[in-house]
Amino acid sequence: MASYRNPPALVFFLFILFATVSHAQLSPSFYATTCSSAADIVQSAVRSAINRDKGTGARLIRLFFHDCFVVGCDAGVLLDANLPSIDSEKNSISNENSLGGFDLIDKIKTALDKACPGPVVSCSDIIAIAARDSVVELGGTRWEVPLGRRDARTANRNEADNLPSPFSDLQVLIKNFTDKGFTAKEMVVLSGAHSVGVARCSLFRDHLYNGTNVEVTAANERKSKCPSTGGDDNLSNLDHQSPNRFGNNYYQALIKRRGLMHSDQELFNGGSTDDFVKTYSQDSQAFFADFGNAMIKLGNLNTLTGNKGEIRTNCRKIN
1 MASYRNPPAL VFFLFILFAT VSHAQLSPSF YATTCSSAAD IVQSAVRSAI NRDKGTGARL
61 IRLFFHDCFV VGCDAGVLLD ANLPSIDSEK NSISNENSLG GFDLIDKIKT ALDKACPGPV
121 VSCSDIIAIA ARDSVVELGG TRWEVPLGRR DARTANRNEA DNLPSPFSDL QVLIKNFTDK
181 GFTAKEMVVL SGAHSVGVAR CSLFRDHLYN GTNVEVTAAN ERKSKCPSTG GDDNLSNLDH
241 QSPNRFGNNY YQALIKRRGL MHSDQELFNG GSTDDFVKTY SQDSQAFFAD FGNAMIKLGN
301 LNTLTGNKGE IRTNCRKIN
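Under full-length UniProt numbering, think of the first position of the sequence shown as 1, with each following residue one higher.
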């Protein structure tokens, strides 16, 4: 997933083995006896935040991806550089002055620790639930979130610097995802999260002015917000027509050559992923079903369970 701003690569076999073990240790009912109100508390906070600012949903979905795709789903992305041993992922090329949702995660954490003293609910589980609830609130699908993750005691800025780039060609993008155990089809379906959110001009200017697979009318409209020079931080919606609706509109835009960034339009540019885009553009239910399954798989990436890691009392620093 490409880097966009506020407002509003493990051997494959070993990965599959580890992911299977991790998944067996996670359960949607993990907090049934220790914090039965956890899901309701997260949902209420996310719903209220999105009602105030639709962009919150896109930020929370992106936060989940940027957490899980770096080492694993361990809330490493939330850690500030408050110890010499912590090189915060927030300061990485992909995240600096770009990632958001931290204050809301803090608010949810405070509410959960008040309702269920311990602390009981991990920051990494909060991110996972909030991402799902964001998709639902924006009109997308719902899935059962496996829970029981624990939080990391370190961050990995180096890996965060190498998240999939908005400037990458298709084969590079496919490798980014296959290195993490995902198929090309799963890459395409996860990219559907770009049906919501915004991006900075600096991330799509070259595609806008120099791309060879760009629909002229949409390009001209976007050029008003992204001049050929300057305005690097000017924002444009990732989806031109329905910026706050989570759905298969993203794929319909790609068919029309209206992908905002190079990495988006590469998914439909005469390559091996064209048929996936066509399918999802025509069948929203297929997209929703596959997206939910892919998000569950993403949420199982290298999770810390059992006695590994910790349950942070403050999501921004280790205990």
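One thing to keep in mind: the hints can contain errors.
Ranges of calculated distance between the beta carbons of each label pair, as one might list FRET restraints [to be verified]:
no. : residue 1 : residue 2 : range
1   : Asp40     : Asp206    : 26 to 32 Å
2   : Gln282    : Asn97     : 52 to 58 Å
3   : Leu83     : Gln241    : 22 to 28 Å
4   : Thr178    : Asn82     : 20 to 26 Å
5   : Phe167    : Asn319    : 50 to 56 Å
6   : Ala32     : Asp169    : 41 to 47 Å
7   : Glu96     : Pro227    : 47 to 53 Å
8   : Ala32     : Gly270    : 26 to 32 Å
9   : Ala289    : Asn213    : 25 to 31 Å
10  : Gln285    : Ser29     : 22 to 28 Å
Computed list of lysine-lysine pairs in DSS-like fashion (alpha-carbon distance at most 27 Å, straight line) [what the hints assert, rightly or not]:
no. : residue 1 : residue 2
11  : Lys317    : Lys175
12  : Lys107    : Lys278
13  : Lys308    : Lys297
14  : Lys278    : Lys308
15  : Lys223    : Lys256
16  : Lys54     : Lys107
17  : Lys256    : Lys175
18  : Lys297    : Lys114
19  : Lys185    : Lys175
20  : Lys278    : Lys175
Derived by calculation from the structure, the hints in this document are not laboratory data.
Glycine included, each C-beta is placed from N, C-alpha and C at the ideal position.
Right, here's what the structure says about each hint:
no., hint, result
1, Asp40 x Asp206: 26 to 32 Å, "violated, 45 Å"
2, Gln282 x Asn97: 52 to 58 Å, "violated, 38 Å"
3, Leu83 x Gln241: 22 to 28 Å, "violated, 45 Å"
4, Thr178 x Asn82: 20 to 26 Å, "violated, 35 Å"
5, Phe167 x Asn319: 50 to 56 Å, "violated, 39 Å"
6, Ala32 x Asp169: 41 to 47 Å, "holds, 46 Å"
7, Glu96 x Pro227: 47 to 53 Å, "violated, 23 Å"
8, Ala32 x Gly270: 26 to 32 Å, "violated, 49 Å"
9, Ala289 x Asn213: 25 to 31 Å, "holds, 28 Å"
10, Gln285 x Ser29: 22 to 28 Å, "holds, 26 Å"
11, Lys317 x Lys175, "violated, 32 Å"
12, Lys107 x Lys278, "violated, 40 Å"
13, Lys308 x Lys297, "holds, 20 Å"
14, Lys278 x Lys308, "violated, 42 Å"
15, Lys223 x Lys256, "holds, 18 Å"
16, Lys54 x Lys107, "holds, 18 Å"
17, Lys256 x Lys175, "holds, 26 Å"
18, Lys297 x Lys114, "violated, 30 Å"
19, Lys185 x Lys175, "holds, 12 Å"
20, Lys278 x Lys175, "holds, 21 Å"
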